[in-house]
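Participant: Below, each chain spelled out in residue letters.
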Amino acid sequence: MGGLRAAEQLRAAGWTGSITVVGDEPLMPYNRPPLSKEVLAGKESFESLAFRPRASVADAEWILGTAVTSADLARRVVGLGDGTELAFDGLVVATGVRPRRLRCPGPAAGRHTVRTVDDARALRADLARPGAHVVVVGAGFIGCEVAATAVALGAAHVTVADPEPLPMLRPLGDLLARELLRRHQERGVRFALGTPVTAFEGGDRVTGVVLADGRRLPADVVVEAVGSIPNTAWLDGNGLDLADGVLTDELLRAGGLPHVVAVGDVARFPNARYDGVPRRVEHWSMPADSAKRAAKTLAAHLAGAEPDPEPFAPLPAFWSDQHDFRLQSFGAPALGLDDTRVLDGEPGGDVVVGYHRSGRLVGVVALGGPAAGAAAARHRPALLEQPALTA
Amino acid sequence: MKVVVDMNKCQDHGQCVFAAPDVFRLDEAGHLAYVADPDESLRADVEDAADVCPLQAITVED
Chain S
1 MGGLRAAEQL RAAGWTGSIT VVGDEPLMPY NRPPLSKEVL AGKESFESLA
51 FRPRASVADA EWILGTAVTS ADLARRVVGL GDGTELAFDG LVVATGVRPR
101 RLRCPGPAAG RHTVRTVDDA RALRADLARP GAHVVVVGAG FIGCEVAATA
151 VALGAAHVTV ADPEPLPMLR PLGDLLAREL LRRHQERGVR FALGTPVTAF
201 EGGDRVTGVV LADGRRLPAD VVVEAVGSIP NTAWLDGNGL DLADGVLTDE
251 LLRAGGLPHV VAVGDVARFP NARYDGVPRR VEHWSMPADS AKRAAKTLAA
301 HLAGAEPDPE PFAPLPAFWS DQHDFRLQSF GAPALGLDDT RVLDGEPGGD
351 VVVGYHRSGR LVGVVALGGP AAGAAAARHR PALLEQPALT A
Chain G
1 MKVVVDMNKC QDHGQCVFAA PDVFRLDEAG HLAYVADPDE SLRADVEDAA
51 DVCPLQAITV ED
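Chains S and G, in that order, are what the protein sequence lines are. Mapping of the first sequence onto my numbering: position 63 corresponds to residue 63, and the numbering continues sequentially without gaps. Mapping of the second sequence onto my numbering: position 10 corresponds to residue 10, and the numbering continues sequentially without gaps.
Next comes chain S alone, as it looks inside the complex:
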């Protein structure tokens, strides 16, 4: 997605030269959020996920099913998995992330992740097993969404395990995480919280999950939703800061290089709207937002001009559909977890919570139906008008 958006935005920024997009998956870019929801539930087809590229990139060359395996940023070449090299004038790093896997002993069969179309197809086939016992490891976005979908598909038991004491605690904070837990339990999801997974049981195929507190959960299907790892190994050896994704400056340039920018999940950038601390932001909105800013930076360099000095300052947004309710967030609630206030409604129903840092509103999250989302959206102008936290 980041690669497609970057190509489109390079055109929008005036670049008329050639564009080559390299991707390790065999498919054209597609929309991932439905993989844990509508598509996993069988309500939408896999084919419906493909993005429709803008006409402006009809002449772009796509090298698919081929990973980028190395880069020499000084020589301006990247190496591909098939042994060939590609020379470039400008490089957009958009290699995203891959699911983190649990390093626990036990069989591999029956254990799933949800990142790609192939992942979702395999999980869907396994969830169709009659009377399946499903254990979801990880109570974050994907874990909570998959658990809700598995219940709707008729799984006999769905249990979410996480070392944290509440689901989605880190993005949402205590108040909404408690309410999320209650709503999931009410709809048939079980939880094994506050204890990590230590092992998987079974011979050829997983039959159970062992927790650190000694409990054992029967499992025919395991979903590992324990975060992600940025795909940056191919950039090793270029002197870049790759400690957690690709560190960029406020114009999304990597390593101070004018011809290398990073976009999407893999980019660790300072957001001038907040405290200037570089962070990766794995929200769906980020590839489009960052591609727009990064393409301007790169197109200016390729044209021999100075880039627009306006620092990247997106208003992040995320949503998550679970059961019959939606979480809708604007801003950066994770920066204001210590000062949360109910802005509209009440926790048991449609509710909007405000997150504050140094007394300033930095994020709002709605939980509930469409009315809650609309109420959250009414706080968006206030979030946009807040001065930067560093100001």
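Mixed in with the good hints there might be a few duds.
In silico lysine to aspartate or glutamate, DMTMM-like type, Cα no more than 20 Å apart, as pairs [unchecked claim]:
#, chain 1, residue 1, chain 2, residue 2
1, S, Lys37, G, Asp6
2, S, Lys43, G, Asp27
3, G, Lys2, G, Glu28
What follows is a list of derived Cβ distance ranges for each label pair [what the hints assert, rightly or not]:
#, chain 1, residue 1, chain 2, residue 2, range
4, G, Pro21, S, Ser45, 19 to 25 Å
5, G, Gly30, S, Glu346, 27 to 33 Å
6, S, Ala199, G, Asp62, 56 to 62 Å
7, G, Pro21, S, Gly203, 27 to 33 Å
8, S, Asp82, G, Lys2, 39 to 45 Å
9, G, Val4, S, Thr390, 40 to 46 Å
10, G, Asp62, S, Glu47, 22 to 28 Å
It is worth saying that the hints were derived from the structure and are not from the lab. Predicted model, so just to flag it, every value in this text is computed and none were measured. By construction, the Cβ of each residue, glycine as well, lies at the ideal position given by its N, Cα and C atoms.
Please build the complex by placing chain G on the supplied structure of chain S, with the hints as guidance.
Facilitator: Same frame as chain S, now just chain G:
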């Protein structure tokens, strides 16, 4: 320019309203309403709106 929204896909996220408020709005019931033939000068906004739709339900035709 012609704008088509697949209303079977639309889930009233409202992201298009932020990107192109002159073209998209949510009515009193929170459901999407939009201008099907907006002025050409709004093309950049409409293309942004199509990009940010979580359901990718918006098509911009020439």
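Participant: It remains to establish, for every hint, whether it holds in the given structure.
Facilitator: Right, here's what the structure says about each hint:
no.	hint	in the structure
1	S/Lys37 / G/Asp6	holds (19 Å)
2	S/Lys43 / G/Asp27	violated (26 Å)
3	G/Lys2 / G/Glu28	violated (25 Å)
4	G/Pro21 / S/Ser45: 19 to 25 Å	violated (32 Å)
5	G/Gly30 / S/Glu346: 27 to 33 Å	violated (19 Å)
6	S/Ala199 / G/Asp62: 56 to 62 Å	holds (58 Å)
7	G/Pro21 / S/Gly203: 27 to 33 Å	violated (59 Å)
8	S/Asp82 / G/Lys2: 39 to 45 Å	holds (41 Å)
9	G/Val4 / S/Thr390: 40 to 46 Å	holds (43 Å)
10	G/Asp62 / S/Glu47: 22 to 28 Å	holds (24 Å)
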